[in-house]
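Chains as they are written, first to last, in the working numbering: chain D, 1 to 192; chain S, 1 to 594.
Check before you lean on any hint, since a few could be wrong.
Footprint (simulated), chain D over chain S, 3 or more residues, beta carbon under 8 Å [claimed, not checked]:
| # | segment |
| --- | --- |
| 1 | 162-176 |
| 2 | 313-327 |
| 3 | 495-503 |
Hint data in this document are derived by calculation from the structure and do not stem from the laboratory.
Glycine included, every Cβ here is placed at the ideal spot set by N, Cα and C.
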Amino acid sequence: MTTTNILLCGVGGQGTLLASNLIADCAMKAGFDVKKSEIHGMAQRGGSVVSHVRFGESIASPIIRKGEADIVLSFEELEAIRWAEFLKPDGIVITNSQKILPMSVSAGSEKYPENIPEILSRSSIANICVDAIGKAIELGNQKCLNVVLLGVLAHKLPMIDSILWKESIKEKVPQKLLDLNLKAFDAGWALA
Amino acid sequence: MTHKGKKAFLSGNAAIARGAWEAGIRFASAYPGTPSTEILEFLGKYDEIDAQWAVNEKTAMETVIGAAYAGARSICAQKHVGLNVAADPFFTASYTGINAALVIVTADDPGLHSSQNEQDNRNYARMAKMPMFEPSNSQEAKDMVKAAVKISEEYDTPVIIRTTTRISHSEGVVELGERENAPEREFERNMGKYCVLPAIAKKLHEKVEKRTSKLEELSNKSEFNRIEKGDKKLGIITSGVSYQHAKEVFPNASFLKIGMSWPFPSELFQKFAAMVENVIVIEENDPFLEMAVKAAGVECIGKEKIPACSELNPDIIYEALKDFAEAKAPKSAKLVSGVNIPVRPPVLCPGCPHRGVFYTLRKLNCTVTGDIGCYSLGALAPHNAMHSIVCMGASITNALGIEKAMKDKIHGKLVAVIGESTFMHSGMTGLLDTVYNKGRHVTIILDNSITAMTGHQPNPASGKTLKGEPAKVVNLEAVCKALGVDHVTCVDPFDLKQLEETIKTALADPEPSVVITKRPCFLLKSYKPKTYKVSINREKCVKCGMCMKLGCPALEINPEDGKTVINYALCVHCGLCAKVCRPGAITQATEEAK
Ligand SMILES: Cc1ncc(C[n+]2csc(CCOP(=O)(O)OP(=O)(O)O)c2C)c(N)n1
Ligand code: SF4
Ligand code: SF4
């Protein structure tokens with residue numbers, strides 16, 4: 001059986017941790033061995049954050065090798081190009097179309113690269129850019145961005161039964177935000 | 001919370017806590033530190049375990065030693081440098097041994113994800129002569145805590161569990177078990193065991209040496225040290241997460257997988273060495289296993305190939321050992337070329353109470369000795385307001401030393417900044433030293449009423465315990481006065497004018513003085529300041545750049561006209577930028593926003 005590797009990246013505070021938890025949980029429910037690794041610590045204060053999720057028959061290292069990720073799921077455009085080197089030759093980058101400026105850019109000393117989807121395509125990296133943040137705002141809460149993106153991702157993971165996603169969301173999301181997140185998942189699914 | 005036989009997806013830290021619960025541990029104490037913090041947070045969720053945040057690692061260690069003497073199975077957990085702070089009681093606890101089990105977790109940080117150094121605490125096991133386990137996944141983390149409890153009581157010794165960031169913060173599938181009911185153990189007076197007077201400690205040392213020989217026998221037959229037969233050409237010796245990475249690169253090699261890494265299983269190793277052609281030691285940081293291999297007189301490949309700096313991963317191991325045909329090459333990645341990708345370092349949050357302090361210190365051109373906490377970010381641009389950071393508590397005593405060296409040349413300019421948690425951890429003694437030895441620098445205690453850096457743990461300034469119970473709030477002002485500082489002033493760090501005046505007065509003071517800035521961390525759920533809307537009239541902006549010196553992530557320079565814009569997705573309306581904007585372009589409403 002092959003191993004599936006998903007690298008999630010974004011900016012501290014964007015909710016990557018809940019997203020990687022949900023993916024891991026679904027993969028476990030689907031009967032896979034799962035490992036997940038992420039670095040917190042400084043993450044909360046707007047730094048760049050990354051989670052590795054791996055599942056398959058038996059997983060050794062919790063870290064994805066460069067060139068081995070099936071999917072890079074990026075919550076922010078700049079992070080998509082920062083982590084793209086983890087992608088395997090036939091893998092795909094899925095990125096939220098949001099831009100969050102690093103301090104050096106907002107202070108005017110560096111430039112935020114323009115047209116990131118094109119930069120990826122120019123480097124022959126398959127990519128999908130979705131306005132997940134727009135959808136989340138439309139649904140009334142930026143915080144459900146992570147679950148919108150999971151909806152998009154779910155299309156690419158046929159080995160996980162779509163029922164499992166909702167089951168996991170029901171288990172892991174606080175009751176009062178459940179409705180919003182179930183809608184967010186459907187919205188993401190429809191975006192893809 | 002029994003769920004026997006059920007499987008859960010746990011981080012290494014959660015698994016350690018679960019193992020402690022299953023092993024009948026009753027008491028836990030620790031000071032937070034990445035990557036060990038969550039162990040205590042998870043322990044605190046079990047009703048059967050009395051878990052508490054200590055003021056520092058030494059008090060935590062001494063408390064768990066006391067609890068273990070008195071019959072409660074106990075655990076403490078600290079980051080690698082935390083064990084330096086706790087080293088004094090730690091070493092001697094090896095001599096006295098315990099009564100009920102004592103497990104000591106050290107969580108190291110190869111790769112310095114969130115630390116000031118990369119020390120390899122496996123060396124502590126050898127030096128203190130305490131048995132040590134190194135889990136390589138969450139399941140082992142849980143199993144090893146249970147084994148540690150058993151060995152601790154059987155061999156009368158504290159036992160070390162050594163994790164690293166990649167074990168503590170990685171998650172994997174773990175099979176759950178039941179909680180064991182530990183038998184009660186009485187605490188009896190036993191001078192020959194618990195009172196380490198020199199003549200007694202001399203005998204205890206002999207006991208430790210005998211214990212070590214027995215532990216070595218145990219290590220040779222431990223279920224956690226095993227030979228995995230594979231290709232005879234390559235014999236890999238490894239432990240911890242390195243084992244998992246090595247398996248990715250050399251799936252078919254022979255392995256000596258070390259789980260109990262001190263004492264080293266020499267006999268088992270000799271058997272393994274005789275089976276394979278080449279011995280390779282794959283481990284992070286120090287050549288800890290390698291030294292044991294070489295001491296056994298066996299040639300091996302080790303640190304001359306495997307980097308000593310930073311953490312390992314399959315890619316690094318592959319790079320180091322790709323001369324071996326057996327090494328599995330990665331797929332070739334496609335690179336994004338021709339673009340500069342700006343880095344994204346962490347920053348003080350919008351609304352952070354520390355921001356105005358660094359703005360002011362920079363403005364007054366002070367020499368600043370720093371300390372460890374969120375405010376360490378004051379060393380970075382645009383604040384650039386720190387001259388040294390060594391370890392927790394060092395700000396005050398570093399400043400005292402600087403004064404001793406520079407005397408008049410530095411008087412009136414020198415400031416030590418320290419968070420309240422760090423002050424209580426190890427700053428109070430330094431302040432007393434400053435008073436006693438006639439220092440006169442200014443100490444600024446940044447009281448945001450929480451240990452923020454490590455993820456918001458309550459401390460004696462918070463009014464709450466780890467279990468969420470109310471607690472007495474420390475009076476820091478009275479503490480400083482009692483230590484002999486006559487001039488202690490409290491100030492709101494959002495009141496920039498008052499803050500600047502207070503610091504100036506303190507700098508001019510010929511006596512040591514303390515300024516306490518009081519305002520909660522902006523991320524505290526209990527902190528709900530009123531919102532007075534901040535806005536910018538861009539016509540009035542003269543591009544002076546004063547606001548940008550605050551380093552607030554919500555302030556941006558528009559590349560088109562060079563003027564400031566407020567990013568309302570991030571702004572929390574703290575009002576600081578309005579206070580530094582001289583032309584009055586940025587203003588704050590005086591009525592609360594609806
Ligand atoms: C000996 C030691 N123990 C623990 C840590 C981890 N640590 C870093 S900063 C910090 C405390 C920060 O709290 P505080 O001083 O109140 O500052 P804040 O982050 O709240 O601004 C801790 C526990 C460490 N670096 N060294
Ligand atoms: S967590 Fe609190 S103390 Fe730390 S940077 Fe953010 S606001 Fe400041
Ligand atoms: S008011 Fe100014 S300083 Fe405060 S968060 Fe908003 S932009 Fe930043």
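Comparing the hints with the structure gives:
1. 162-176: Since 7 is at least three, the answer is holds.
2. 313-327: Holds: 4 residues of the segment 313-327 of chain S have a Cβ under 8 Å from chain D.
3. 495-503: violated (count 0)
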